[in-house]
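Now for the letters of each chain:
Number of protein chains: 2
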Amino acid sequence: MSTRPAHAQPTRELLLDSLETLLLSGGSSAATLEAVASTAGVSKGGLLYHFGSKEALYQGFLDRMVVRSRAEAAQILDAPQGVVAAYLDASSVADDPSTRTVLAALRLAGVPEVDVEAALAESFSFWYETIARRIDDPVLARMVQLVGDGFYLHALIGSGSDHDTAVVERVVSLVADWQRDAS
Amino acid sequence: MSTRPAHAQPTRELLLDSLETLLLSGGSSAATLEAVASTAGVSKGGLLYHFGSKEALYQGFLDRMVVRSRAEAAQILDAPQGVVAAYLDASSVADDPSTRTVLAALRLAGVPEVDVEAALAESFSFWYETIARRIDDPVLARMVQLVGDGFYLHALIGSGSDHDTAVVERVVSLVADWQRDAS
DNA sequence: GTCTATAATCGGATAGAC
DNA sequence: GTCTATCCGATTATAGAC
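In the order they appear, the protein sequences are chains A and B.
Here the first sequence stands for residues 616 to 798, numbered as in this note's numbering.
Here the second sequence stands for residues 616 to 798, numbered as in this note's numbering.
Careful, some of the hints might be misleading.
What the hints assert, rightly or not - Listed next, the in silico BS3-like pairs over lysine-lysine satisfying Cα-Cα at most 30 Å (straight line):
#, chain 1, residue 1, chain 2, residue 2
1, B, LYS669, A, LYS659
2, B, LYS659, A, LYS669
3, B, LYS669, A, LYS669
4, B, LYS669, B, LYS659
5, A, LYS659, A, LYS669
No lab work stands behind these hints: they were computed from the structure.
All figures in this text were calculated on a predicted structure; none of them were measured in a lab.
Please put together the full structure from these sequences, using the hints given.
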């Protein structure tokens, strides 16, 4: 019988949230065990009870990202604006929760402890499959994905453009034109 | 009067090349002063003569990237295939020299010592200006850039697609159609 | 489940010889 | 310009109390 209120997050999740925040603000070098623990309000020893090593902590973060990406992709499939607009909107807004997680993972790219690239590739593949389910032409679907991924990269370096919302509209109408011509 | 043969690289450049290689293979945590120095064939002390600190080393790398990007953008402006094909080809091939440098810099994103994001934003702006000089519609120009940046991101995580060459062709013809309609 | 204390290692940087 | 030797701080991880 737990005494934790239903609304409070378990420490394990709090620790992963702290890792995400630290990765976004200071990169992988800022994500020390001590910093992650104290941001979550526990001691280093407390963290190491939940994740036995830095590698386990990182892997836990990546696993959660993949699970969430799969769920996010499923949601987007039935978005009222359509998959294209939904995907591009999410990827161009840096404080979208799922975008935050991806950006944090990107800042982890290259660390020796875990295979960040594989986890990100898996997440991206969910989104491609989702897009491709609504756009029959695989080349066009890939192009849409690449535009969204371009947004991710620009969010990573914090450089948006005034034309970005117009780009989203243009791509949406491009896809709509194609759907019309194909029928 | 130097005794160095004309073809040998100065140690300073060798050190920056070593940093690039290490960033690509192991991320920022692998790019220790010791590792960079020994890859370049010198000692840690030897490195610190040329770059007085880790911060100076990183900044030297970013400065070189910005200089090279400006030169690369100028070259692409007069490429025989046209700017669009040239930009997309370069960004989709992970072992292109200038792409390697950008990917290495992306793996440095978030480190506290230097402003990687600003340097990358400057490089990307050169390319946008170059693309925009050949495509009058700024929204279309930005879309082309975003597709290329999507390639960069996928190169970062090592996940290409079979459709990528077809995407390049499609975007090129998309731009050609627009140029025709506008005239 | 969480804490403190401590061991062991590593990375950045200085000093000074050659 | 390059080297070795050394210092110092930071970081991961363990041990064991509560």
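Do the hints match the structure? See the list:
no. : hint                : verdict
1   : LYS669/B / LYS659/A : holds, 28 Å
2   : LYS659/B / LYS669/A : holds, 28 Å
3   : LYS669/B / LYS669/A : holds, 24 Å
4   : LYS669/B / LYS659/B : holds, 11 Å
5   : LYS659/A / LYS669/A : holds, 11 Å
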